[in-house]
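First to last, the protein sequences are chains W and X.
Residues -9 to 143 (the numbering used here) are what the first sequence spells out, left to right.
Residues 5 to 498 (the numbering used here) are what the second sequence spells out, left to right.
Some hints could be false.
Some chain W residues near chain X, calculated using beta-carbon distances under 8 Å [said to hold, decoys possible]:
hint, residue
1, M18
2, P30
3, F31
4, D67
Since the hints were made in silico from the structure, they are not lab data.
Where a beta carbon is used, it is the ideal one built from N, C-alpha and C, also for glycine.
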Amino acid sequence: MIRALPIVSFCFLVLGGVYLAGSLELPMGSAARPGAGLYPFLVGITLVALSAPLFIRSLRLKETQQEKTEPFPRGKDRQRVMAVAATLFFFVVLLKPLGYIICSIALMGAILRLLGLRSWGKVVLTSIFTTAISYYLFFSILGVPLPPGIFSF
Amino acid sequence: MDALQGLAYGFGVALSGPNLLACFIGVLVGTIVGVLPGIGPIGAMALLIPSTFALGPTTALIMLAGIYYGSMYGGSTTTILINVPGEAASVVTAIDGYQMAKKGRAGAALAVSAVGSFVAGTLGIVALMFFAPPLAELALEFGPPEYFALTLVGLILLSRLGGGSVFKSFLMVGLGLLLGTVGMEPISGLPRFTFGQLELGQGVELVPVAMGLYGIGEVLMIVERITGIPQMIKVKFRELFPTVAEWKRAFPPMLRGGGVGFLIGLIPGPAAILSTFASYALEKKISKHPEEFGKGAIEGVAGPESANNSATAGAMVPLLALGVPFAPATAMLLGALVIHGVQPGPLLMTQQPEIFWGVVASMYIGNVVLLILNLPLVGVFASILRLPQHLLMGLILLLCLVGTYSVNNSLLDLYILIGMGGVGYFLRKLKFDMAPLILALVLGPMLEKTLRQSLFMMRGDVWAICVRPIAGTLLLIALLSIVLPPVIHLIKRK
């Protein structure tokens, strides 16, 4: 099994390092006239100082000694989580080109199917219905300019 | 303005049409998200912040605060009926609440937790009313060094008290502070960490981050183990009346829970959750029948359910008196105030009394509404759980997406939202706590501003900050809270 904690703490370490390097390019100022870089510099040091020991400790400890973490799902459960995440991602990518109405219907349809609604009829009806309500609420009442996409004539 | 005058004025504000409606909507939404696992008060507040843009700041705060304390009522319902805590602050209630339900006393448990919430919630507001104004007066003396120290102590104590690994909590603080520095630098306007993206100049907004971590992240956790509709214990209205003996046993824990909750609410940390554990431990310790705990002791329901409500009132004190939130939910309230152009701080009470007293008065009203919503109508809310999971999760996801988009009409916010959703899911699995991140994101800019102002004021002399009495004491507390626990641990091991 892949151990997640070392990977995550390594990501934190890299993030902290890159951020620290970035902060050094900002004007540091002096102690009496601190510049824009001072505070990010302190934050970067804190991040590195915290994630380095966590990373080292997570490597040294054996799986059984690790602090309690929840196992990641496998098989069908993992596929479902990934499919839902992918659905969200495609919604955001396609929102501008295709428009809200199509994206929302597709999102609801996909989620309903993925989470176990069997009947296609119900899937289609529910997604159209929820899209209509959300469109009315956000576009017509609250005046949010939802992207029209291909419906912009 | 003394407290009674202020309260009379506040009721004038809170009883106006729009504010009354906002209070009602707030507590209603709070009850619903309290009942629903998967979305909690923070996600719901993030979701509704955009819809408050058209409202005034007082109305907005009344509604958002209503969600916060309202969710404490709703959380107990599912805990008692199906042993699924609707909120983290109701986990403790599950121990004895579900046992009571199995013995056929579900109605009594629900009634006791609703009444306890009301009693302690109201006591908490009374304490808030008398406690906040003098604190604000004291805070008028605060300069940038004091605010810097206060913010720092808040962040450190929150990470210390949140439970779980301290390293992990501090890392989350670091991540939150990091995200807080993205965008235009406040003093010189220099863009920082924007990678040339104009949109990032605005900074990383609170709404997509909170909604991603608490909305999408939670939904992904639920999606992992999607189950059917849980079996619920049916409650008849008649059964909602506890017996005289039960009342007698439940009443003192309500008052004690109220006291414990308020005090814990003042301390930085996930106040509502901590207060329930503290109250449960207290009740078990002083009980004459400690063996009954875990088998359906009514004190184990009354105490914690009361404590989490007065904790929400306690948590409002630092926000309204100092302008510094110490809990993630009050951080959301601060975020909302800032969006509405209100400068939170000790002057809020005198310069914009309608906000402080209006919110306080609305909390009294909200608690009465909540008692009505959660006693006779408890069955209505429990039946929300009969909605199929796929529909609920689909709706929550859609609301998160549209809600985030509606804040700035920005696609970048949507990418931040789903990115944070993924981060929230992974880190939750690895038992990282999200609260420090949210708080650090909100407090980060304040921390930087006060640090730089302090250094400027003291001409770069760090020691001059440490010898100011209030700032020095606060910094000492911060230092001790980092150094002491490992030292004590070492001594104990020897």
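* P30(W) as chain X interface residue, shortest Cβ-Cβ below 8 Å -> Because about 5 Å separates P30(W) from the closest Cβ in chain X, which is inside the 8 Å limit, the hint holds.
* Closest C-beta approach of D67(W) to chain X relative to 8 Å, hint status -> It holds, given that the least Cβ distance between D67(W) and chain X is near 5 Å, below 8 Å.
* Go through the hint on F31(W) and say holds or violated, using the shortest Cβ distance to chain X against 8 Å. => Violated, about 10 Å.
* **Cut-off 8 Å, beta-carbon criterion: hint that M18(W) touches chain X** => violated, 12 Å
Checked against the numbered hints listed earlier, the structure breaks hints 1, 3; every other hint is satisfied.
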